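Participant: Next come the chains, spelled out residue by residue.
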Amino acid sequence: EAQVTQNPRYLITVTGKKLTVTCSQNMNHEYMSWYRQDPGLGLRQIYYSMNVEVTDKGDVPEGYKVSRKEKRNFPLILESPSPNQTSLYFCASSFLNDRETQYFGPGTRLLVL
Amino acid sequence: AQKVTQAQTEISVVEKEDVTLDCVYETRDTTYYLFWYKQPPSGELVFLIRRNSFDEQNEISGRYSWNFQKSTSSFNFTITASQVVDSAVYFCALSEARGNQGGKLIFGQGTELSVKP
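Protein sequence lines correspond, in order, to chains A and B. Counting from 1, one number per residue, gives the positions in the first sequence under the numbering used here. Counting from 1, one number per residue, gives the positions in the second sequence under the numbering used here.
Don't read these hints as lab results, they were simulated from the structure. Given the structure is predicted, the values throughout are model-derived calculations rather than measurements. Glycine included, C-beta positions come from ideal geometry on N, C-alpha and C. Treat the hints loosely; a few may be bogus.
[Unchecked claim] Listed next, with one range per pair, are the computed distances between beta-carbon atoms:
#1 N73/A to T80/B: 35 to 45 Å
#2 N26/A to T5/B: 32 to 42 Å
#3 Q3/A to R50/B: 15 to 25 Å
#4 N26/A to F47/B: 12 to 22 Å
#5 Q69/B to M27/A: 45 to 55 Å
#6 T5/B to P61/A: 16 to 26 Å
#7 K3/B to N97/A: 24 to 34 Å
#8 Q83/B to T13/A: 30 to 40 Å
#9 F47/B to L41/A: 29 to 39 Å
[As the list claims (entries may be wrong)] With a straight-line Cα cutoff of 35 Å, these simulated DSBU-like cross-link-like pairs (lysine-lysine) come out:
#10 K116/B to K70/B
#11 K38/B to K116/B
#12 K57/A to K3/B
#13 K57/A to K69/A
#14 K3/B to K69/A
#15 K38/B to K70/B
#16 K57/A to K16/B
#17 K16/B to K18/A
#18 K38/B to K71/A
#19 K3/B to K65/A
#20 K17/A to K71/A
#21 K38/B to K57/A
#22 K71/A to K18/A
#23 K69/A to K38/B
#24 K18/A to K69/A
#25 K18/A to K65/A
#26 K71/A to K3/B
#27 K65/A to K38/B
#28 K17/A to K65/A
#29 K38/B to K17/A
#30 K38/B to K16/B
#31 K16/B to K116/B
#32 K116/B to K18/A
Please take these sequences and the hints and turn them into a complete structure.
Facilitator: Written out as structure tokens, the structure is:
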């Protein structure tokens, strides 16, 4: 089954404790991205990647890092989480020549205390 | 700059009523895409529709219909004979066709629809 998976789905952590949210897709998509969803703000793009080893900032990259060492994986790294990073995070992927058709992961709910 | 505005933060209706969710967008691109997504209480995003800027034809899918009007930069979504299962947050989104930012979805703030029995 074609899908985008995210782990963990729920996470409670404390300020400053590094964490990684994984994203994996099995559709051989080149394009992958991360969004965060906050009340009243909708979803905003954090980072995106057009292919292996090619990543770039989205609209709200501060406090996040990403890597794209393999085509299928696009982890989101919070090196020193803060309470303002409490949010619902979505990973998405698509083919580079069909970025209008994006597949979203199920979301990861993060609470930073 | 691109922008999507969903002015209705919350809407509450009684089952079987019709309801329209408004979406107004801003873009300088001549080629772009518009989307609607549904987010039920479980939290996942469910794709509903995609429209490109050259296709102004309205679309109907069962109880759902969409009205795209470039003249007013609007892409409104109507649910006919609403049901309790329609209760969700609905997002309108816009994306550029290509370029470095191609693929980035600009989302509206979302409209929370509550359908009461």
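Participant: Is K116/B within 35 Å of K18/A, Cα to Cα?
Facilitator: Violated, because 43 Å separates the two Cα atoms, which is more than 35 Å.
Participant: Check the hint pairing K17/A with K65/A against an upper bound of 35 Å on the C-alpha distance.
Facilitator: Since the Cα atoms of K17/A and K65/A sit roughly 14 Å apart, the hinted pair holds (cutoff 35 Å).
Participant: Quick one, are K3/B and K69/A close enough, alpha carbons at most 35 Å?
Facilitator: holds (32 Å)
Participant: Is it true that the CA of K18/A sits at most 35 Å from the CA of K65/A?
Facilitator: holds (11 Å)
Participant: Holds or violated: K71/A with K18/A, Cα cutoff 35 Å?
Facilitator: This hinted pair holds, its Cα atoms lying about 24 Å apart.
Participant: Just tell me: holds or violated, for the beta carbon distance of Q83/B and T13/A against 30 to 40 Å?
Facilitator: Taking Cβ atoms as reference, Q83/B and T13/A lie about 38 Å apart, which means the hint holds.
Participant: Would you check the hint for K57/A and K16/B, treating anything up to 35 Å between C-alpha atoms as holding?
Facilitator: violated (44 Å)
Participant: Is it true that the C-beta distance of K3/B to N97/A lies inside 24 to 34 Å, as the hint says?
Facilitator: holds (26 Å)
Participant: Between the beta carbons of T5/B and P61/A, is the distance compatible with 16 to 26 Å?
Facilitator: holds (24 Å)
Participant: Given the hint that K3/B pairs with K65/A, does the C-alpha gap stay at or below 35 Å?
Facilitator: holds (25 Å)
Participant: Taking 45 to 55 Å as the hint, is the beta-carbon distance of Q69/B and M27/A inside that range?
Facilitator: The hint (45 to 55 Å, Cβ to Cβ) is violated, given that Q69/B and M27/A are roughly 34 Å apart.
Participant: Given the hint that K57/A pairs with K3/B, test it: the Cα-Cα distance must not exceed 35 Å.
Facilitator: holds (18 Å)
Checked against the numbered hints given earlier, the structure breaks hints 5, 9, 16, 17, 32 and satisfies all the rest.
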